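Peer 1: Chain residues, written in single-letter form:
There are 4 protein chains.
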Amino acid sequence: MKTAVIGASGYAGEELVRLLLSHPQVDLTAVTSRQFAGQTVAQIFPRFFHHQKAQTLKFSDFNPKQLAAMAEIVFLALPHGLAAEFTQPLWEAGVRVIDLSADFRLRDPHIYKEFYGQAHPAPDLLGQAVYGLPEIYRKKICAAQLVACPGCYPTSILLPLLPLVRKKIIDLRRIIVTSLSGVTGAGRKVETDYLFAECNESMRPYGVPKHRHLSEIEQELSIAANEPVVMQFTPHLVPLNRGIISTISLDLASNPDIGLIFNHAYANEPFVRLLGEERLPDTKDVVGTNFIDLGWKVDQRTNRLIVMSAIDNLTKGTSGQAVQCFNLMSGFDETAGLL
Amino acid sequence: MKTAVIGASGYAGEELVRLLLSHPQVDLTAVTSRQFAGQTVAQIFPRFFHHQKAQTLKFSDFNPKQLAAMAEIVFLALPHGLAAEFTQPLWEAGVRVIDLSADFRLRDPHIYKEFYGQAHPAPDLLGQAVYGLPEIYRKKICAAQLVACPGCYPTSILLPLLPLVRKKIIDLRRIIVTSLSGVTGAGRKVETDYLFAECNESMRPYGVPKHRHLSEIEQELSIAANEPVVMQFTPHLVPLNRGIISTISLDLASNPDIGLIFNHAYANEPFVRLLGEERLPDTKDVVGTNFIDLGWKVDQRTNRLIVMSAIDNLTKGTSGQAVQCFNLMSGFDETAGLL
Amino acid sequence: MKTAVIGASGYAGEELVRLLLSHPQVDLTAVTSRQFAGQTVAQIFPRFFHHQKAQTLKFSDFNPKQLAAMAEIVFLALPHGLAAEFTQPLWEAGVRVIDLSADFRLRDPHIYKEFYGQAHPAPDLLGQAVYGLPEIYRKKICAAQLVACPGCYPTSILLPLLPLVRKKIIDLRRIIVTSLSGVTGAGRKVETDYLFAECNESMRPYGVPKHRHLSEIEQELSIAANEPVVMQFTPHLVPLNRGIISTISLDLASNPDIGLIFNHAYANEPFVRLLGEERLPDTKDVVGTNFIDLGWKVDQRTNRLIVMSAIDNLTKGTSGQAVQCFNLMSGFDETAGLL
Amino acid sequence: MKTAVIGASGYAGEELVRLLLSHPQVDLTAVTSRQFAGQTVAQIFPRFFHHQKAQTLKFSDFNPKQLAAMAEIVFLALPHGLAAEFTQPLWEAGVRVIDLSADFRLRDPHIYKEFYGQAHPAPDLLGQAVYGLPEIYRKKICAAQLVACPGCYPTSILLPLLPLVRKKIIDLRRIIVTSLSGVTGAGRKVETDYLFAECNESMRPYGVPKHRHLSEIEQELSIAANEPVVMQFTPHLVPLNRGIISTISLDLASNPDIGLIFNHAYANEPFVRLLGEERLPDTKDVVGTNFIDLGWKVDQRTNRLIVMSAIDNLTKGTSGQAVQCFNLMSGFDETAGLL
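Chains as they are written, first to last, in our numbering: chain R, 47 to 385; chain X, 47 to 385; chain G, 47 to 385; chain H, 47 to 385.
Keep in mind the hints are simulated off the structure, nothing from the lab.
A quick note: this is a predicted structure, and the numbers were derived from the prediction, not measured.
Hints may contain errors.
The list treats identical chains as one, so a pair stands whether inside a single copy or across any two.
Stated by the list, open to error - Under the rule of at most 35 Å between Cα atoms (straight-line distance), these lysine-lysine pairs were calculated in the DSBU-like manner: (1) Lys343 - Lys185; (2) Lys343 - Lys256; (3) Lys214 - Lys111; (4) Lys214 - Lys235; (5) Lys111 - Lys185.
Whole structure, please, built from the sequences with the hints as guidance.
Peer 2: Encoded structure:
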């Protein structure tokens with residue numbers, strides 16, 4: 047399958063390149079980066095030096111039209127706004143697009159504007175995009191021309207929450223989520239806040255109280271609940287490279303068998319690992335993998351359910367999930383290149 | 047002031063020694079450690095090598111009776127259970143005791159047994175102890191013979207919560223706290239879980255849903271509310287040496303001026319720094335200090351108040367606060383040796 | 047190929063299990079650990095939870111005789127001394143053994159005693175062992191019944207040095223090596239020195255001036271030089287999980303083309319990546335891989351050659367190299383399960 | 047003593063501000079930063095929030111002439127080149143200057159050009175500057191109008207080396223130094239190389255073979271030896287915030303008592319701690335302090351002496367040493383504000 051990555055110079059792009067170089071059914075035909083155009087993948091990412099392809103494939107500055115002739119499926123790892131601009135011509139050329147940005151995750155352009163501070167650059171396409179969470183939208187992803195991959199926080203929050211919301215066992219007005227993220231979650235942003243000595247031996251909440259990812263989380267929860275859901279979300283920056291822990295506090299509305307619900311939802315999912323009530327997740331068990339680990343505890347004292355998830359923000363949180371979608375779209379084994 | 051530290055070999059003990067060696071009014075007459083008896087403080091803690099006192103003072107294995115003759119105020123940095131055993135004879139000898147363990151924090155021995163799994167070893171003394179949170183119990187601490195220093199999590203949670211509870215502006219049934227702690231919070235425990243490679247590049251919730259510190263937090267909240275308070279608390283282990291972030295989600299019961307409440311409570315407190323609604327706390331700003339930094343945000347979408355605190359778990363969370371109590375008990379300036 | 051791992055509970059054992067679970071031609075029939083006997087691999091190492099085999103295979107406490115009936119090739123990840131005790135009966139049963147300990151690396155039992163402080167427990171077998179550095183002893187490894195895998199420091203030092211020693215272009219009396227190692231290099235030792243808060247934000251030299259690994263490094267250099275070589279070696283402990291940098295200062299005895307020598311030695315080696323004079327190695331490019339990255343610079347001011355290598359101490363430094371040997375012994379592709 | 051800091055926004059500047067805010071005899075009258083002009087010190091560095099002065103003192107963009115009227119001693123924490131431009135007018139106004147840059151460390155402007163790639167901007171002043179290593183140039187520093195503070199690597203290397211060079215006990219042609227530095231050593235440079243995720247879980251040599259600091263190290267060694275000295279120096283970047291380890295390999299030219307030499311040189315120095323042959327330095331023992339810890343071992347096998355030093359690169363390596371010089375220049379106790 048001829049494939050290209052647009053905007054391959056950030057952490058998500060680099061992780062995509064890592065996965066695609068090793069994918070048994072992928073022919074990586076182009077990687078673009080304005081900054082690195084003309085240099086080989088091996089020069090920019092020395093960890094891939096041993097791949098024959100990495101030594102020959104050069105970063106380019108191709109435009110969408112050129113890329114449309116080179117790839118059947120194109121990954122976009124661009125900032126929001128810019129991603130939509132690239133998507134339009136690719137869409138028109140009939141190329142299938144997997145977009146890692148936020149541009150096509152929201153169905154309502156007004157919410158896009160509210161959370162991203164600018165008018166949506168391609169509102170006509172919003173109705174075409176499928177939200178790229180395979181455990182929820184598998185069938186639609188298979189047939190999609192445009193997949194909008196979820197953010198890393200949403201993945202870590204929606205997978206534990208959606209089965210519970212659907213079963214109507216929790217109080218929808220009292221969803222309190224606290225997340226902890228490694229620093230690659232911010233992308234390869236060259237800003238003082240992300241310098242080593244500013245992050246190391248530091249922890250800090252940020253984006254309080256209205257982080258952008260809230261918009262897509264609440265959208266998906268509302269769809270599942272069939273009523274509007276508004277929740278609390280407080281993310282924190284923590285000094286490690288990769289990983290997200292989301293800890294979700296829920297008021298139980300009934301007294302169900304939580305394990306049964308999760309097993310029913312996920313027992314056959316290749317990338318969801320249910321830890322049960324006895325074990326708690328740890329990011330070090332998922333780093334570098336496409337797994338999400340889910341643990342939970344019922345607190346008898348408060349009648350609350352605490353659900354905790356762990357993912358690698360760059361793999362299941364971004365690029366691994368994108369490849370999972372790619373596999374579905376291509377008719378490959380869903381786990382190809384991911385185990 | 048002649049002073050001794052019992053059980054000086056852990057992280058809390060080492061931090062106490064650090065603070066007391068530099069305290070202008072302290073004569074450190076004894077430090078005990080079964081493990082290190084006979085060796086100088088400088089040999090065991092090379093960072094104190096330049097202190098004349100550290101080169102001459104040797105760790106001893108003195109018993110309480112011997113210590114009673116050597117010190118007017120004794121710090122106990124011992125495991126719970128053992129601390130109470132040491133306290134009894136010191137109390138009887140009229141020595142003033144500042145206990146860093148959990149042994150005298152709880153007023154009710156049944157709750158002690160529920161949370162610590164053993165009968166309280168000295169229940170008669172429970173009524174004598176003052177909870178060592180100077181911002182709340184300053185006057186009582188000044189006169190106390192026995193001070194029970196709060197745990198690190200309780201300090202980071204109670205200081206933000208107590209003024210709000212007293213003002214009755216929050217829904218007491220909906221206090222949701224998530225905390226992140228550096229690894230010294232576990233003490234110098236030589237266990238696999240705390241090895242470098244088990245903690246580095248790892249984050250994990252633990253102690254869910256009933257961490258021991260809940261007992262003292264709920265006790266103090268209940269006293270302030272004048273009714274029983276039960277809350278949610280989920281701590282996490284995070285890869286840094288020192289620091290705690292506590293993020294507290296609260297349902298507002300009225301629409302008060304939060305800044306006014308905090309200012310009223312803490313404007314004159316030497317170790318509480320109010321960041322207001324514009325800035326969020328970061329542990330790197332408090333590490334090595336006795337400060338607690340408090341920030342907050344009202345979420346208009348949910349009518350919730352998010353309060354976030356940062357402390358150094360070994361300083362304001364343990365040993366610095368103990369020295370703050372010591373200063374009060376001794377009639378010294380409350381900040382002596384702490385700025 | 048039926049394979050077993052003895053002593054699978056340490057970091058090297060865990061890395062072996064990781065590699066063998068994914069190896070296309072391996073049937074892992076037994077993993078032993080006194081401590082974990084009766085528990086599944088998935089229970090002890092949750093990161094392998096998704097492997098069917100990890101969920102069924104239990105740690106056992108089998109003795110060598112039992113293991114001889116279960117595996118054609120056995121990996122030993124045991125402490126030195128104990129490894130030799132296990133090897134003897136396996137050898138006698140005709141089983142092929144890949145030993146990760148130091149027990150069979152040295153040809154001379156007196157040097158073993160000098161560096162390891164005890165008489166060699168199986169001196170008769172010393173002559174049978176092949177030093178498991180495939181780039182140097184590939185042919186012998188293919189046919190060996192007993193392979194002694196090199197230490198992590200020796201791997202990082204010998205691969206850069208041996209081609210230069212053989213070409214006689216350096217002054218053999220003036221080899222100065224400084225190495226930096228991540229903390230897993232010490233193994234999963236539950237000792238105070240390796241606690242998170244003792245290693246994080248700390249760097250320190252150790253094992254000065256006579257680290258145990260010197261014995262095997264000097265042995266192999268002396269063989270290559272055909273004369274006794276004594277060198278300087280100073281290792282340092284550095285706060286990261288995995289990785290070794292070795293920086294080697296050499297007095298040039300002639301003025302050769304260094305790139306030509308390294309290319310001649312390693313151009314076709316699948317796991318040696320030559321960075322040349324323009325790029326310097328970085329451990330983050332090799333972590334999790336079996337590669338060694340080599341860079342070098344000639345200092346015209348001093349007429350010295352500085353060679354720098356980077357490896358993952360647990361992969362090319364230990365378990366990856368063991369699997370590389372295993373592939374050679376089994377007639378598999380040398381890179382099977384390692385790319 | 048009225049004092050100002052020019053260029054206070056980097057790590058060295060921030061550390062200077064930390065030390066000067068707490069210094070008992072300093073009146074900090076101005077801090078400049080083009081970037082932060084108009085904001086208070088407390089706004090930019092929240093860790094100093096509790097200092098009354100930090101809440102009132104604003105960053106300014108004053109020029110040298112203005113500063114000359116405001117301070118008797120001025121610290122310059124500017125990039126090289128720019129520092130010299132600021133020094134000239136301050137010098138002419140009779141103000142005493144402590145420069146933390148490299149601009150006045152070298153006596154020979156040709157060597158400045160060779161190592162810094164530009165002509166020296168104020169060669170006339172070179173002869174006026176005193177190299178700010180108090181243990182070596184104490185008397186001259188007391189009287190100096192212009193002090194050029196040494197670099198962090200030079201401090202960690204010169205203090206162990208100079209007594210040995212003076213005693214002529216080592217082979218001057220065979221000085222091999224390897225250094226490990228925390229990331230603040232690079233300054234608060236907003237570049238990709240210093241992002242958290244590029245440094246964490248990474249180690250790498252850099253600046254091989256001709257790091258800029260070589261110039262001043264060799265200058266000072268040559269002065270002490272009374273003959274030209276050329277040495278080998280390989281620095282490494284290591285994932286911690288603060289600290290330098292320098293490991294120095296020396297060929298012994300005679301068989302002296304090393305402890306005696308170091309004691310003779312440093313026994314009365316307030317900031318040199320001699321660890322002797324039994325203990326090795328660890329950066330965690332010096333972080334946040336102005337100490338240099340020195341340990342050493344003679345290797346009988348090679349007749350080499352290995353000397354190892356540890357400093358905090360921002361304190362004894364930069365700003366602490368600058369304050370030590372300031373104390374000497376001002377006639378204060380040399381340790382004022384530093385213990």
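Peer 1: Each of the hints needs a verdict: does it hold here or not?
Peer 2: Tested hints:
Only within a single protomer do Lys343 and Lys185 lie at most 35 Å apart by alpha-carbon distance; the minimum there is 32 Å, versus 41 Å between protomers. In the homo-oligomer, the alpha carbons of Lys343 and Lys256 lie at most 35 Å apart both inside one protomer (27 Å) and across protomers (10 Å), since each shortest distance falls under that limit. In the homo-oligomer, the alpha carbons of Lys214 and Lys111 never lie at most 35 Å apart, since the shortest distance is 47 Å inside one protomer and 57 Å across protomers. In this assembly of identical chains, the alpha carbons of Lys214 and Lys235 never lie at most 35 Å apart, being 40 Å within a copy and 43 Å across copies at closest.
With identical chains, the CA atoms of Lys111 and Lys185 are at most 35 Å apart within one copy only, with a shortest distance of 29 Å there and 53 Å across copies.
Checked against the numbered hints above, the structure breaks hints 3, 4 and satisfies the rest.
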